[in-house]
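My request is simple: use the sequences and hints to build the entire structure.
Protein chains in written order, with the working numbering: chain A, 1 to 481; chain B, 1 to 503.
Any given hint could turn out to be false.
Distance ranges between label pairs, derived from CB positions [to be verified]:
| # | chain 1 | residue 1 | chain 2 | residue 2 | range |
| --- | --- | --- | --- | --- | --- |
| 1 | B | A32 | A | K368 | 18 to 26 Å |
| 2 | A | S196 | B | F3 | 56 to 64 Å |
| 3 | A | I417 | B | L42 | 55 to 63 Å |
| 4 | A | V409 | B | R356 | 53 to 61 Å |
| 5 | B | P69 | A | L24 | 52 to 60 Å |
| 6 | A | K368 | B | L42 | 27 to 35 Å |
| 7 | B | E111 | A | H436 | 40 to 48 Å |
| 8 | B | V210 | A | E441 | 52 to 60 Å |
Below are the DSS-like pairs computed for lysine-lysine, each with C-alpha atoms no more than 27 Å apart in a straight line [unchecked claim]:
| # | chain 1 | residue 1 | chain 2 | residue 2 |
| --- | --- | --- | --- | --- |
| 9 | A | K368 | A | K158 |
| 10 | B | K30 | B | K452 |
| 11 | A | K368 | B | K30 |
| 12 | A | K318 | A | K96 |
| 13 | B | K67 | B | K489 |
| 14 | B | K169 | A | K368 |
Don't read these hints as lab results, they were simulated from the structure. Heads up, the beta-carbon is just placed ideally off N, CA and C, and yes, glycines get one too.
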Amino acid sequence: MTQSDLYTILPNLALVTWACVLLLVDLFIPKGRKGITAVLSAAGFAVVLGLTLAHAGVEQTAFHGMVVLDGFSTFLSVLFLASGLLGIALAYGYVKRMNIERGEYYVLMMFSVSGMILMAQATDLIVVFLALELLSIPLYVLAAFARPRAESEEAGLKYFLLGAFATGFVVYGVALVFGATGTTALSGITPDVLSSPSTHYLAMVGAALILIGFGFKVAAVPFHMWTPDVYQGAPTSVTGFMTVGAKAAGFAALLRIFVTAFPALDADLVPVLWGLSALTMVVGNLVAISQTNIKRLLAYSSIAHAGYVLMAFVSFGKAAAKADAVASALFYLVAYAITMFGAWAVVIALEKAEGRGLEISDYAGLGKRKPFLAAAMTVFMLSLTGLPPTLGLVGKFYLFRTAIEGGFVGLAVIGVITSLISAYYYLRVVVVMYMHEGPAETSGESWLDLTTAVTAVATVVLSFLPAALFALASGAVLKLF
Amino acid sequence: MNFLMNPLILVTFFPVVGVLALLFVPGERKNALRWVALVTSLVTFGLSIWMLTLFHAGNPELQLGFKLPWIQVAGWNITFAMGIDGLSVLLVLLTTFLTPISILSTWTAVEERVKEFMVFFLLLEVGMTGVFLAQDLFLFYIFWEFTLIPMYFLIGIWGGPRRIYAALKFILYTMAGSILMLLAILWLGINQGTFSVPDLIAKGGIPANVQMWLFLAFALAFAIKVPMWPLHSWLPDAHVEAPTAGSVILAGVLLKMGTYGFLRFNLQLFPQATVKAAPWMALLAVIGIIYGAAVSYAQKDVKKLVAFSSVSHLGFVMLGLFALNPQGIQGSILQMINHGVSTGALFLLVGIIYERRHTRDFDAFGGLWKIMPLYGALFLIVALSSMGLPGLNGFVGEFTILLGAFGSKAIGSPWFAGIGAAGVIMAAVYILYMYQRMFLGPLDKDENKKLKDLNWREIVTIVPLLIVIVWIGLYPKPFFDLMAPAVGKLATALQAASVAMLH
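In structure tokens form, the structure reads like this:
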């Protein structure tokens with residue numbers, strides 16, 4: 001272990017250290033004033049964000065090629081850290097209001113984010129596994145954080161069981177790949193190794209198992225069964241954090257592993273990925289239509305969006321399109337993150353104790369009573385649908401371009417048709433807000449309102465000025481190959 | 001900063017200034033809100049007149065345009081490009097002309113949530129003008145889809161009893177068309193290396209079989225918007241449920257976005273596919289003419305009748321476009337304007353009586369002439385214009401279209417024009433039938449006996465439209481002069497494509 005090794009993981013090191021310190025400090029913070037912990041952890045995130053940005057542009061590998069610092073990892077680290085900050089903004093007032101304010105909440109979030117960052121940096125399958133556990137276990141606890149509410153406990157247990165199951169798939173996949181190639185380092189898995197007939201199928205099955213494992217994490221159909229229940233049962237601030245952070249981390253691992261190690265398996269895996277993506281888009285969007293609970297609606301919406309990102313991912317092995325596959329997926333994850341955090345902020349603002357205020361019908365009359373909040377929610381719904389003037393449209397434009405570039409016009413057609421279907425249920429939220437009368441009331445917490453305002457403005461403004469974000473996303477992939 | 005003073009930028013985005021101003025006016029001061037919106041739209045109209053003075057009618061090329069790099073990274077070549085030529089100049093003027101009229105018509109009709117109404121209305125104007133001016137496919141698509149959102153709210157919040165159903169149907173139907181266009185746009189952007197429309201036209205060279213697919217993807221989007229038979233079923237619902245001002249804009253401008261799309265994109269980007277598809281498009285157009293007219297005759301609700309008559313009238317526009325010769329296309333552009341003005345005026349007039357009686361059923365009226373003579377007279381002129389009486393605007397457009405379609409090589413048979421001409425007669429039947437039921441006969445309903453004739457504000461909303469109706473009817477030359485060079489250039493290009501296909 002050299003200085004340079006430590007320098008590579010410095011931001012993450014700082015984050016974990018601060019989390020451990022905070023865990024102890026929290027013991028001395030009196031009950032009812034846990035807002036101090038929130039502020040301290042937000043400060044930690046902010047400092048680490050600064051460190052990461054100071055790192056930007058540096059590219060080096062460390063720990064004998066197990067961890068890397070590059071544009072890809074920096075881009076995603078920034079996304080994860082920003083998710084952490086927004087996650088705190090969502091939780092700050094909410095946990096107080098729901099009587100679940102405990103200091104561990106913020107510390108667990110910090111551990112989870114450190115797992116996500118490690119995931120983006122991992123270039124060895126063992127480290128990928130480590131990162132997966134580091135990011136997941138705190139989330140299991142967070143999902144059950146509203147104990148003794150039965151729904152929350154159920155969510156935590158369900159997430160834990162299925163998550164453990166998925167991790168099992170990943171480990172088995174890693175073992176098979178190791179058996180086939182004799183290495184767990186992504187750089188060691190070369191096309192030559194994969195194309196030898198004796199090891200080809202072993203590696204292919206291994207890759208497929210890894211895909212299944214991460215399929216659970218990103219909630220791709222048919223591995224999505226846990227998603228609606230967990231998203232509905234978990235405290236809403238946790239759900240908001242999970243829909244963005246955990247999904248982006250899952251895609252980070254998929255992109256890194258498949259684009260660097262497995263492009264030679266392209267021919268075998270493309271039909272599988274094609275089907276996975278198509279199925280995810282169709283099922284996610286179709287089932288969302290019949291939802292009446294806003295948390296379940298957004299859960300299915302997040303499933304559907306995993307399908308859209310997978311659509312770009314199908315091109316991972318095409319030489320002409322793979323740079324765009326990664327860049328468009330990253331771009332879309334950012335667009336999705338901004339939009340989703342905004343939408344969850346609105347949901348939290350309307351949620352009342354005992355899980356009331358979560359039906360779509362509870363949004364009736366919001367357009368009259370809280371015009372700005374309703375306008376923001378409309379922006380988020382339009383962005384999730386992919387209508388202008390929002391970032392969602394630009395993101396989808398990029399994804400569809402990648403799909404067409406990779407030659408998957410059929411998949412792109414499924415993508416646009418399911419987008420049309422999604423318009424129906426997203427617009428229903430708008431219909432209820434503006435065209436029905438009702439007494440919608442909000443909690444009016446300033447951090448939530450700020451989150452809503454910032455994300456709504458970003459969703460609209462960035463759609464007009466996406467060039468900088470495009471440049472960042474496409475710059476983030478250069479060193480990947 | 002020069003770019004901000006560009007006439008096209010000003011015309012397109014000036015309503016945004018009004019929107020920002022509206023946000024600072026308190027919601028209870030309804031008249032102040034109305035005045036802000038009206039003045040904004042009038043200034044926009046003034047700006048569009050200024051733009052017209054800068055426009056050189058003799059030049060067939062795009063003018064006053066600009067092209068700025070917008071998204072030029074990662075293999076994207078998207079520009080922020082706008083331009084105007086003879087194909088679009090009249091449609092831009094139509095948009096800026098109808099918007100203040102529509103806003104004026106809402107003075108007493110819209111009492112609830114005036115602020116939001118005006119915000120959406122002005123945003124709608126931005127979207128529509130942008131559609132007609134955008135010269136980059138990405139920019140065009142953004143404007144095109146953006147127009148759906150304000151219209152969706154206008155129908156859904158201020159519409160009639162079935163407004164939510166109509167609003168959803170409207171947005172889903174139109175989105176269904178445009179999503180495939182999105183893929184076609186992406187295909188062009190990837191394979192031709194640019195999204196700029198003039199560059200794409202200049203580049204050409206899309207293989208014939210691919211051209212057909214792209215043509216169909218664009219055509220679906222535009223055919224739903226027009227709407228062409230059999231994709232018209234969203235239109236009656238949307239028109240009937242929309243508030244009056246919404247119907248005026250919907251019929252007057254939004255439908256023209258479809259026909260304009262054919263004109264600007266299908267005909268120019270895919271000339272060979274256009275020539276091949278022309279007889280089929282003409283067939284659908286003629287079916288639309290006859291079908292729309294027949295269904296109009298069966299209506300009992302005035303607004304529905306006017307809505308279905310749009311299907312018939314837009315059939316003429318499509319027939320003229322796909323005649324692919326100068327007369328046909330010129331007539332068709334003029335007919336777009338005519339329909340916007342005449343049908344817009346009809347919707348306004350229907351809105352006026354609806355505001356007084358809260359019904360639009362023929363059976364509720366009869367003998368209105370006796371009690372509202374001024375209203376009856378204005379209604380008659382507009383009705384006659386809509387059915388194509390010589391001396392009024394509808395005649396000039398329909399006649400030119402039929403002339404073009406009759407001699408069209410692309411359509412290949414005079415029968416289309418012949419059957420289409422029957423649509424003119426059918427229009428006379430259903431419009432006069434409606435007029436007779438509403439205005440003639442005995443004044444036998446008590447509710448109708450106390451009706452007041454038009455007030456000053458209502459006269460002011462109708463008269464500008466009447467002036468245009470008579471102007472085009474008697475002296476259409478200035479209008480033809482504006483479009484002739486650009487149409488000539490387009491027709492030559494299409495001619496070349498059809499010759500190239502024979503060899």
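Hint check results:
1. B:A32 with A:K368: 18 to 26 Å: holds (20 Å)
2. A:S196 with B:F3: 56 to 64 Å: Taking Cβ atoms as reference, S196 of chain A and F3 of chain B lie about 60 Å apart, which means the hint holds.
3. A:I417 with B:L42: 55 to 63 Å: violated (43 Å)
4. A:V409 with B:R356: 53 to 61 Å: Once the Cβ atoms are compared, 55 Å apart, the range 53 to 61 Å for R356 of chain B and V409 of chain A holds.
5. B:P69 with A:L24: 52 to 60 Å: holds (54 Å)
6. A:K368 with B:L42: 27 to 35 Å: holds (30 Å)
7. B:E111 with A:H436: 40 to 48 Å: With Cβ atoms ~19 Å apart, the hint is violated.
8. B:V210 with A:E441: 52 to 60 Å: holds (55 Å)
9. A:K368 with A:K158: violated (39 Å)
10. B:K30 with B:K452: Holds, at about 24 Å.
11. A:K368 with B:K30: Distance ~16 Å between K368 of chain A and K30 of chain B Cα, so the pair holds.
12. A:K318 with A:K96: violated (50 Å)
13. B:K67 with B:K489: Status holds; Cα separation ~22 Å.
14. B:K169 with A:K368: holds (24 Å)
Checked against the numbered hints given earlier, this structure breaks hints 3, 7, 9 and 12; the rest are met.
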